[in-house]
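Make a model of the complete structure from these sequences and hints.
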Amino acid sequence: MKRITVKRGAYYDSVFLMLATRGLKGIAGVRDAIVAMATPMNVELLGDMGFPSAELDGLGPNDLVVAVDAEGDQAAEAAVKEAFESLTKKKAAEAAGGVAKVGSLSAALARDPDANVAVISVPGAYAAREARKALEAGLHTMVFSDNVSLEDEIALKKLAVSKGLLMMGPDCGTAIVNGKPLCFANVVRRGPIGVVAASGTGLQETTCLIDRYGSGISQAIGTGGRDMKNAAVGGMTSLLAIEALAADPATRVILVVGKPPAPEVAAKVVAALRASGKPAVAYFLGAPVPADEATIAYASDLEEAALLATLLADGSNDPATARTRIRDDSGNDRYNRPSKRAIEAIAVAEAERLGEGQRFLRGLYTGGTLCDEALFLAHAALGGVRSNNQTDPAWTMADPLRTEGHAVIDLGDDYFTAGKPHPMIDPAARAERLEKEGSDPETAVVLIDVVLGYGSHDDPAGACVPAIRAAKAAAAARGGYLPVIASVTGTPADPQGYSGQVAALEAEGVVVMPSNYRAALVAVEIARIAAKGGAR
Amino acid sequence: MTVGAIGCLAPRAPWTASLAWVASRAVALIHADGAAVAIIGDVRDMDARAILLDGGFADFRAAALEASAGGGAAASVRLDEAALTLSAGGVDPLAVPADGATRWDPRPGLAKAAASLAADWDRAALAAAADAIAATVAEGPADEVSVHGGGPFAAAFARLRGDESFPANIVGFGPGSTPAGDDWLAGYLAAGDLLAGGPGEAWPELRAALATALGRTTPAGRALLAGALAGAPPAYLADLAQELVGAGRSLGGTAAGLRGAVRAALGKGASSGRDALAGFVEALRHRPKYGDAL
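Residue numbers (the numbering used here), protein chains in the order written: chain Z, 1322 to 1857; chain S, 53 to 346.
To be clear, the hints were calculated from the coordinates, so they are not data collected in a lab. Do not rely on the hints blindly, as some may be mistaken.
Said to hold, decoys possible - Stretch-level coverage of chain S by chain Z, calculated; a stretch enters the list once three of its residues show a Cβ under 8 Å from a Cβ in chain Z: (1) 74 to 88; (2) 204 to 210; (3) 230 to 243; (4) 260 to 270.
Cβ atoms here follow ideal geometry from the backbone N, Cα and C, with glycine treated the same way.
The structure is reproduced here in structure tokens:
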């Protein structure tokens, strides 16, 4: 069934047209879709593809054409409706500056009675009350606010479960629902992988890597950090989310990401994954990695979690097969991830320029989960790393403002953000700390994250540049050299653009690795070499 | 907020153009000559018909969004000697001083780069440079929508390549407000000029064919191709050409700069940078079809 619809004299930017095309291709029953300007060449192409030529007559380069090839009338109708609704909504959103202002939840519902999700972002003391209103109105609820009591969280989640609603949060920073990024989230392609995450930047990193590996996200559901970790909360949202993804025909693989769960919650989560009947991947930061099961792959880092989910979604029927497909017949990594040898070579090249006395790793993170991933890796490899996120009290920073030895710091922690914007929104505090660490003659390598997507600063890489220059200049003035290692969590469709952000960092001599995990490996290797007195 | 620079091929003031769309990094106008004019806030987004604001682009963009509230048809921008003024019914006009604006023109820099390349490079070095650029492009994610993936545009592009009239036959071809074919041609001409001795020098027959085909593409495509035909490609392609020459024939030197320029190009538009890089690499790899000045 081939359908053509036209909007005359309509102009949209290229990124929007690409996203509209991707959106149409994600609709069930749509074989192919083209959203393009009706230039003679494009009209000719559509004619060659068998689209009705009568409807293409008289069109010109200033007209927008939406062409849908669907399995039947119904799918074609749905796609055309979706295309024109998204075009209309863009204009309406632009006209309203993207936001319709209302004074209350009930006013918002009166304005849009079909809404089925509420995002609550008010001071913590009021968040539970607003969340309860939303749940009682039958809305799935995402609570961005933190400082909600454990008792309130348990009560809200019990209410949500009783109504079959998802209560995401509190302190839930990220979700992607029906292709729409909520709060801090990235623009990823839609696809067969459903994500349940008890960590914000963990969800962002895995969904962005899945996008990069060529797959996509059906739904990504944030749960809030306590959902799995606290036995009293008992994983109520996680379990309901797994159940929902199990029932969702668009989800072929389920990925669970989180901090170490309470043992009884972990058992329930694993049981729910087994019962889902779908292949699954689980990754719990800092927890021991169990052996794979028949349908559940256990990953050892965020990158591997994303990769295994992609491979399971791409036709590997079980974890063992998925793992064999990471490499091609020649033994090369199918996803061009730098090998251990390549990482060592990068580290040696950076470390050989270090000066006397440069010994320590300094990780300066805006994303909490990314910080934890680097921290756990570095702590194990370097024999002790201080952090404000440390689970080992012996290595917890007494004063997060003062660095001593190896340190990996979460600058998005409440300690730093009280009364100030989160560093993903305003990277000034990280830049300041970066410059400070650069002035420390014992700093051998600085490790940073750059997180893109909605909610984040509009140029997080650019915001680091003056501090990187100053830190590198300070090291050079002492006769040394300061390696700066980074990863960029984002996609090409993010508002900040992925490649431009990488380029801005690389232009300053920053080594940009394709994931936080690989960046941490490079930084740790440099610190290891530095501890032995440098590559020389 | 002031007008900092005006592209070398921007229509001569005074003129008034209608507001067409508002993107994250540009406010696009359609001039009476049928080609777009972009108002931007970052010199890295500059092109031959763009107008660069020094400071305050976010405010201008927000005002443009508000001005387009009525559907955009009534909103317009006027440029005269003194100011760039955004107007729409029911909204206070926003005037940005323009009397101190400089002229942006990448051609003198490109001419120097071309002279340096002619003196120092051979075919093997060019092929190696093309490989280096292609390798950096390959590190990025696959793109299933544009002319590089496995979709209908890619299949049609492969067919068009086999046609005798290629690449003149790809004007206005492909997805995007600037069709992918136009981006490809902009990259192809930029690299061709680099090899042929300077801006506007490569492939006169192709240029003549393209000049007569501008009506077959969108306003944004027309603006892009007008610049490329005049030897004044967008800033990101000019930077790429200069970084290529700066890297030296051994691709040592500032090879990191070349990689950075490729990465920056990949960040342009939905697939514009990737499409332009494909054309750029094509010109480096193959003997020019319309003459060989190297």
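ask   = So which of the earlier hints does this model not fit?
value = none
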